[in-house]
Structure formats: structure tokens, C-alpha cells
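Next come the chains, spelled out residue by residue.
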Amino acid sequence: MAAVNLHSVKLDKGKCVGCTGCLKRCPTEAIRIRKGRATIIDELCIDCGECIRVCQQHAKIAVTDPLSAINRFKYKIALPAPALFGQFKKLKDVNSIARGLLRMGFSYVFDVSRGADIASRAIMEKLKNPNCPRPLISSACPAVLRLIQIRFPELLDNVVDVRSPMEIAASAARKEFCEKNNVPSEDVGCFFITPCAAKATAIRNPIGHTKSAVDGAISIIEIYGLLSSQLRRDKTGDEDGFDRTHSGSALGIGWARSGGESLAIEADEALAVDGIENVSKVLEEIENDRLPDLKYFEGLACDGGCVGGPIVFENVYIARNRIRKLVVDLPKEKISDAVTLEEVKALGNDVCFDKPIDPIEAMKLDQDFKEALKKMDQIEEVRKKLPGLDCGSCGSPTCQALAEDIVRGFARELDCLFLLKQKVADMAKQMVEVSELTRE
Amino acid sequence: MSIIREEYPVEAMDFVTAGEASAQIKRMLKKLGVDPGVIRRLAIACYEAEINLVIHSDGGKLTLELNPDNVTLKSDDVGPGIPDIDLAMSEGYSTASDDVRMMGFGAGMGLANMARNADHFRIDSKVGEGTSIEMIFDIKK
Chain A
1 MAAVNLHSVK LDKGKCVGCT GCLKRCPTEA IRIRKGRATI IDELCIDCGE CIRVCQQHAK
61 IAVTDPLSAI NRFKYKIALP APALFGQFKK LKDVNSIARG LLRMGFSYVF DVSRGADIAS
121 RAIMEKLKNP NCPRPLISSA CPAVLRLIQI RFPELLDNVV DVRSPMEIAA SAARKEFCEK
181 NNVPSEDVGC FFITPCAAKA TAIRNPIGHT KSAVDGAISI IEIYGLLSSQ LRRDKTGDED
241 GFDRTHSGSA LGIGWARSGG ESLAIEADEA LAVDGIENVS KVLEEIENDR LPDLKYFEGL
301 ACDGGCVGGP IVFENVYIAR NRIRKLVVDL PKEKISDAVT LEEVKALGND VCFDKPIDPI
361 EAMKLDQDFK EALKKMDQIE EVRKKLPGLD CGSCGSPTCQ ALAEDIVRGF ARELDCLFLL
421 KQKVADMAKQ MVEVSELTRE
Chain B
441 MSIIREEYPV EAMDFVTAGE ASAQIKRMLK KLGVDPGVIR RLAIACYEAE INLVIHSDGG
501 KLTLELNPDN VTLKSDDVGP GIPDIDLAMS EGYSTASDDV RMMGFGAGMG LANMARNADH
561 FRIDSKVGEG TSIEMIFDIK K
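Sequences listed follow chains A and B, in order.
In terms of this note's numbering, the first sequence opens at residue 1 and continues consecutively.
In terms of this note's numbering, the second sequence opens at residue 441 and continues consecutively.
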């Protein structure tokens with residue numbers, strides 16, 4: 001069982017009005033409204049951030065680090081996500097972001113797009129193995145990995161055992177910085193500038209490896225204001241601190257958009273899907289063996305890919321288009337030219353997983369199969385009594401979910417307004433009958 | 441001992457709902473905690489069976505029976521039947537129309553795929569009447 005209470009989506013109780021907005025949109029049915037407030041079932045939450053996006057009251061908050069967290073370390077490395085490049089109008093050049101981050105107090109900037117270059121090369125090597133599972137599934141999106149752990153455990157073996165660009169970037173950045181400046185590793189803090197909360201969870205609770213190389217995650221929205229004012233002051237040709245950065249290739253930056261990873265790894269039969277519901281549907285198809293020719297599956301939880309993350313500033317379509325234009329203007333460089341195999345090997349064990357991904361048995365009704373069968377039977381009995389409107393007024397997302405909650409002991413039949421109404425009507429009828437019988 | 445029996449009607453040429461029965465069955469088995477490997481095999485066979493009903497039959501039903509030791513999946517239809525079962529069982533043989541093939545179905549691996557994924561496979565067919573398939577999947581303990 002994976003550790004719980006490590007999620008990065010939290011509820012601001014004061015703001016939640018107990019409406020059914022998030023309840024109905026959660027792709028894993030992890031939300032219930034209890035006592036007039038939304039609660040999240042830890043085992044089922046995949047940190048996709050849909051609830052953050054849909055909440056009209058802004059009661060769902062992504063838990064990330066404040067910028068001040070970097071001061072815990074003597075040397076601070078910024079790891080900007082490729083998605084950050086889509087946030088700003090008229091970027092003078094790719095290095096202006098790095099220059100801005102350095103002025104904000106970071107000691108070194110290592111673009112995660114460079115991590116994406118290295119990850120791409122490692123994945124290309126995996127694809128060369130004729131015995132690798134088909135399709136290989138991208139490990140980049142932690143929300144999709146968690147979805148697979150919960151809903152598609154039989155596909156876990158298909159997940160490519162290469163760490164995410166963020167992790168690879170952190171390991172490479174730390175190594176490079178420590179060697180260049182001859183400083184001990186513990187003095188160095190690596191901070192991911194993140195478009196999503198799922199990455200913050202993946203740092204605290206890594207999937208496929210024991211420890212994260214990243215020390216914290218700061219949301220794009222947190223640094224947006226400060227960084228844009230730095231960018232306004234940025235001058236082309238201002239190369240101050242330029243040797244204190246490492247940037248990635250155009251293909252690495254392309255990972256910010258859905259399809260960018262597939263393009264970078266040059267897989268001839270690859271499929272890129274974005275949006276968590278779409279990803280679910282295509283995973284179903286893969287589970288049914290409907291896509292036997294597929295070699296690589298890239299699934300990203302957010303619409304548009306990482307540029308559509310829940311804690312970015314810019315609209316996904318605008319940001320996506322900026323990334324597209326930026327990539328067009330950059331030199332065309334193949335991954336095999338951008339990263340040598342020696343560079344991948346030099347990172348040693350920091351590129352691949354060091355442990356298998358375990359399934360999360362959150363859907364199971366009971367550990368004992370016979371008990372589970374019995375409960376399934378009871379659920380069916382309860383469900384037949386319910387109206388089937390999936391209105392959500394009871395606090396469970398659907399009538400089926402309420403039936404399960406009742407059998408699991410988390411809800412009562414009279415939580416259903418329709419059953420309650422029926423009960424009140426029956427009682428009123430009985431009262432009338434009693435009063436008729438006892439009339440003198 | 442609890443035994444669950446569920447029926448899922450499947451309509452001919454109804455591509456709107458095609459795959460829904462399989463998805464429901466899969467979800468149910470996951471909730472019961474059936475071994476993921478068994479679910480994967482059952483999912484593949486079940487989807488093939490459902491699509492066969494949609495493409496080839498005049499309508500039919502899938503029946504799922506759950507016991508503590510195994511899962512039985514039956515597919516019963518009214519339809520043209522299969523004149524030569526051995527031929528139909530060979531990979532690549534298909535009588536699907538071009539329209540259906542255009543949709544990515546009817547590659548002619550359905551029956552063989554079902555037989556390969558099930559632990560026990562039985563098929564009966566009468567030309568002009570219909571086809572019945574029974575597949576049993578043992579649940580690992």
C-alpha cells in the first residue's frame with residue numbers, strides 16, 4: 001500500500017460550500033461531500049488537479065513550496081519545467097528565463113528540458129530492445145502513473161523504467177554544480193518550477209524509485225509575477241551569470257506540449273493523449289488489446305499537456321502556441337546529437353527506476369474474495385433502491401458510488417434525498433392512518 | 441456461498457455502446473480484487489466477444505458468472521452461426537465486411553484470441569440459428 005496523506009491537493013474548509021462541482025468532476029471518484037464540505041479519499045486521489053481547476057470558490061489548493069523555501073540551502077538550483085517557457089509574451093530568447101531566475105536568487109539554473117533530452121535518449125535505448133513490453137508507457141506524468149496504479153495495475157509492467165525529466169535534471173544539475181564549484185551535495189537544494197501539484201507529490205512520494213533528487217516544488221503561479229518583472233528588465237546580450245545555466249534542445253522544450261515526448265523519441269508507432277478522461281479511455285483500449293501495433297503511449301493528465309497544468313498562469317492554448325513558435329525558431333537538433341550515450345551512462349543509476357511500481361488496491365471491496373462477492377451482492381441490492389439520477393446531493397458522486405459507500409459503512413440510505421422523501425411520505429401516510437383510526 | 445450472475449444484452453451493429461459491457465465487467469472484477477493478470481486476459485476475451493456480437497450476430501447477450509474459484513463468461517447470440525468452426529478459429533480468417541474493417545475491427549483474430557486467453561473454451565454454433573461460447577477463467581489463489 002502506498003503511503004497516504006502525501007497528496008498535494010488540499011481543501012480550504014472556510015471556502016468550500018459543499019457544492020457538487022469537484023465531486024462530479026473527479027476522474028477517480030475520490031471526493032465525497034460530508035458534513036457540508038468536500039473531503040478527499042487519499043487512496044483514490046491521483047493529484048491530477050481537476051478539482052483545483054473546477055472549484056468556483058477556489059477552495060481546492062495545490063500544496064507546493066513558497067519561494068522562500070530555497071533559503072534552506074546555501075546553493076539553490078532552479079529546475080524550470082519546459083511549460084514555463086509558454087507563460088511569457090515575447091521571450092527574447094530561451095536564456096532570458098534562466099537570467100531572470102538567477103536574479104531572483106538562484107545560484108544555478110538547469111532546464112528540465114535538458115532532463116527531457118536525457119530521458120528521451122534513455123527511452124530510445126529501451127525501445128531498441130525487441131523484448132520490451134508493447135506499448136511502452138511514458139513515466140513522465142505522475143498523475144497518469146497513479147491512475148495506472150489504481151485502475152490499470154496490469155499495465156504497470158508496460159511503464160518505461162526511466163525516471164521523469166524532472167528527476168534526471170535534478171541529479172544531473174546537482175552533479176554538474178557540485179563538480180564545477182567543488183561544494184558538498186548537502187549544501188545544494190534543487191527546486192522544480194512546477195505547472196502541477198502531482199509533481200510535488202512525486203517528490204515526496206516517488207513512483208518507481210526510493211528517493212527524489214528534488215528538494216522542493218515551487219508553482220509557476222507563485223513565481224510568475226516576480227519572474228515577469230525580471231524579464232521586463234532583461235536585456236539581450238546581458239550575459240551576466242550565463243555560465244551558470246544549462247539549457248535543453250528544442251525537442252526537450254517540446255515535452256511541455258502533448259506529443260512532444262513522442263516526437264523527441266522518434267517512435268514510429270506512438271500515441272499521445274492528453275486530458276485525464278481521454279487517457280483513461282485509451283488505457284482501456286490498451287487493456288483490451290485493441291492497439292497491438294502501438295509501441296509507445298504518452299499520456300498526460302492535463303489538457304494540452306504540461307502547459308495546461310492547474311497551477312500555471314497562462315491559458316493552455318496560448319501557452320501551447322508559444323511553445324510551438326519557440327521550438328520552431330530554435331536550432332533543429334536530434335536527440336541523438338543533443339545527448340550522447342556516454343552522458344546517459346555517466347548519470348548511472350539516476351536515470352532508471354530502482355524499484356518496481358506497486359499497484360494501489362484502492363478499488364477492492366474486501367481482502368477476502370468471498371467477502372468481496374458478498375459485498376458486491378449487497379451493493380447491487382442497495383443500488384436498485386436508488387433513483388439512478390447521479391445527482392450528487394447525498395455527497396457521493398453517483399448512485400453506484402453511494403451504494404458502495406453504504407455497504408462499506410461510510411454512508412446511510414437516508415443520505416439519498418429521494419429515499420428520505422419517500423420515507424417522510426410513508427411516515428406522513430402512517431400518521432394519517434393512525435389519526436383516522438383513533439378519531440373519536 | 442455467494443454467486444453473482446449478471447447479464448449484459450448486446451445489440452447488433454450498435455457501435456455507440458460497443459465495449460460498455462466489457463468495461464462494466466472489468467470494473468466489477470477489479471472491485472472484487474481478482475488477480476490483475478486474470479482481469480487482463482478476461483478483458484481481452486470479453487471485448488472480443490462483445491465486438492463479435494456487434495459485428496456478426498443479430499443480437500445477443502454476455503453472461504458473467506462469478507464463483508469463488510472461477511469466472512465464467514458466456515456469449516449467446518441469435519444469428520447466422522459459423523459453418524466451419526475450425527476455419528473461423530484460425531488467425532486472420534474473417535467474414536467481417538469492409539465497412540467494419542474500416543473501423544479497425546474484423547482482423548480475424550477474435551475467436552483464436554478468446555481461446556488463447558481463456559483457461560477453458562467451448563464453442564457451439566448452428567448455421568442459421570446462432571452461436572454460444574463459454575469461457576472459464578480460473579482465479580488464482
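Keep in mind the hints are simulated off the structure, nothing from the lab.
Just so you know, not all the hints are guaranteed correct.
[What the hints assert, rightly or not] Distance condition first, Cα-Cα at most 25 Å in a straight line; then the derived DSS-like pairs of lysine-lysine:
id, chain 1, residue 1, chain 2, residue 2
1, B, K566, A, K281
2, A, K374, B, K566
3, A, K375, A, K345
4, A, K385, B, K580
5, A, K370, B, K566
6, A, K89, A, K281
7, A, K384, A, K24
8, B, K580, A, K364
9, A, K374, B, K580
10, A, K423, B, K580
11, A, K10, A, K24
12, A, K281, A, K24
13, A, K370, B, K580
14, B, K566, A, K375
15, A, K364, B, K471
16, B, K514, A, K35
17, B, K566, B, K471
18, B, K566, A, K24
19, A, K126, A, K345
20, A, K211, A, K126
21, A, K364, A, K90
22, A, K384, A, K334
23, A, K385, A, K295
24, B, K501, A, K355
25, A, K429, A, K385
26, B, K580, A, K384
27, A, K334, A, K295
28, B, K514, B, K566
29, A, K90, B, K514
30, A, K211, A, K370
31, A, K385, A, K370
32, A, K384, B, K566
33, B, K514, A, K374
[To be verified] Covered stretches of chain B (chain A as the covering partner; in silico rule of three or more C-beta atoms under 8 Å from a C-beta of chain A):
id, region
34, 457-463
35, 468-478
[Claimed, not checked] Reference excerpt, derived from the structure (chain A facing chain B, CB under 7 Å, subset only):
id, residue
36, N288
37, L365
38, A372
39, R412
40, E413
A virtual CB, placed ideally from N, CA and C, is assigned to each residue, including glycine.
Going down the list of hints, with the structure as the test:
{"no.": "1", "hint": "K566(B) / K281(A)", "verdict": "36 Å, violated"}
{"no.": "2", "hint": "K374(A) / K566(B)", "verdict": "38 Å, violated"}
{"no.": "3", "hint": "K375(A) / K345(A)", "verdict": "51 Å, violated"}
{"no.": "4", "hint": "K385(A) / K580(B)", "verdict": "34 Å, violated"}
{"no.": "5", "hint": "K370(A) / K566(B)", "verdict": "37 Å, violated"}
{"no.": "6", "hint": "K89(A) / K281(A)", "verdict": "35 Å, violated"}
{"no.": "7", "hint": "K384(A) / K24(A)", "verdict": "21 Å, holds"}
{"no.": "8", "hint": "K580(B) / K364(A)", "verdict": "16 Å, holds"}
{"no.": "9", "hint": "K374(A) / K580(B)", "verdict": "19 Å, holds"}
{"no.": "10", "hint": "K423(A) / K580(B)", "verdict": "44 Å, violated"}
{"no.": "11", "hint": "K10(A) / K24(A)", "verdict": "17 Å, holds"}
{"no.": "12", "hint": "K281(A) / K24(A)", "verdict": "18 Å, holds"}
{"no.": "13", "hint": "K370(A) / K580(B)", "verdict": "13 Å, holds"}
{"no.": "14", "hint": "K566(B) / K375(A)", "verdict": "39 Å, violated"}
{"no.": "15", "hint": "K364(A) / K471(B)", "verdict": "4 Å, holds"}
{"no.": "16", "hint": "K514(B) / K35(A)", "verdict": "45 Å, violated"}
{"no.": "17", "hint": "K566(B) / K471(B)", "verdict": "37 Å, violated"}
{"no.": "18", "hint": "K566(B) / K24(A)", "verdict": "47 Å, violated"}
{"no.": "19", "hint": "K126(A) / K345(A)", "verdict": "13 Å, holds"}
{"no.": "20", "hint": "K211(A) / K126(A)", "verdict": "22 Å, holds"}
{"no.": "21", "hint": "K364(A) / K90(A)", "verdict": "51 Å, violated"}
{"no.": "22", "hint": "K384(A) / K334(A)", "verdict": "58 Å, violated"}
{"no.": "23", "hint": "K385(A) / K295(A)", "verdict": "46 Å, violated"}
{"no.": "24", "hint": "K501(B) / K355(A)", "verdict": "43 Å, violated"}
{"no.": "25", "hint": "K429(A) / K385(A)", "verdict": "20 Å, holds"}
{"no.": "26", "hint": "K580(B) / K384(A)", "verdict": "31 Å, violated"}
{"no.": "27", "hint": "K334(A) / K295(A)", "verdict": "20 Å, holds"}
{"no.": "28", "hint": "K514(B) / K566(B)", "verdict": "16 Å, holds"}
{"no.": "29", "hint": "K90(A) / K514(B)", "verdict": "62 Å, violated"}
{"no.": "30", "hint": "K211(A) / K370(A)", "verdict": "38 Å, violated"}
{"no.": "31", "hint": "K385(A) / K370(A)", "verdict": "24 Å, holds"}
{"no.": "32", "hint": "K384(A) / K566(B)", "verdict": "37 Å, violated"}
{"no.": "33", "hint": "K514(B) / K374(A)", "verdict": "22 Å, holds"}
{"no.": "34", "hint": "457-463", "verdict": "holds (count 3)"}
{"no.": "35", "hint": "468-478", "verdict": "holds (count 8)"}
{"no.": "36", "hint": "N288", "verdict": "4 Å, holds"}
{"no.": "37", "hint": "L365", "verdict": "5 Å, holds"}
{"no.": "38", "hint": "A372", "verdict": "5 Å, holds"}
{"no.": "39", "hint": "R412", "verdict": "21 Å, violated"}
{"no.": "40", "hint": "E413", "verdict": "20 Å, violated"}
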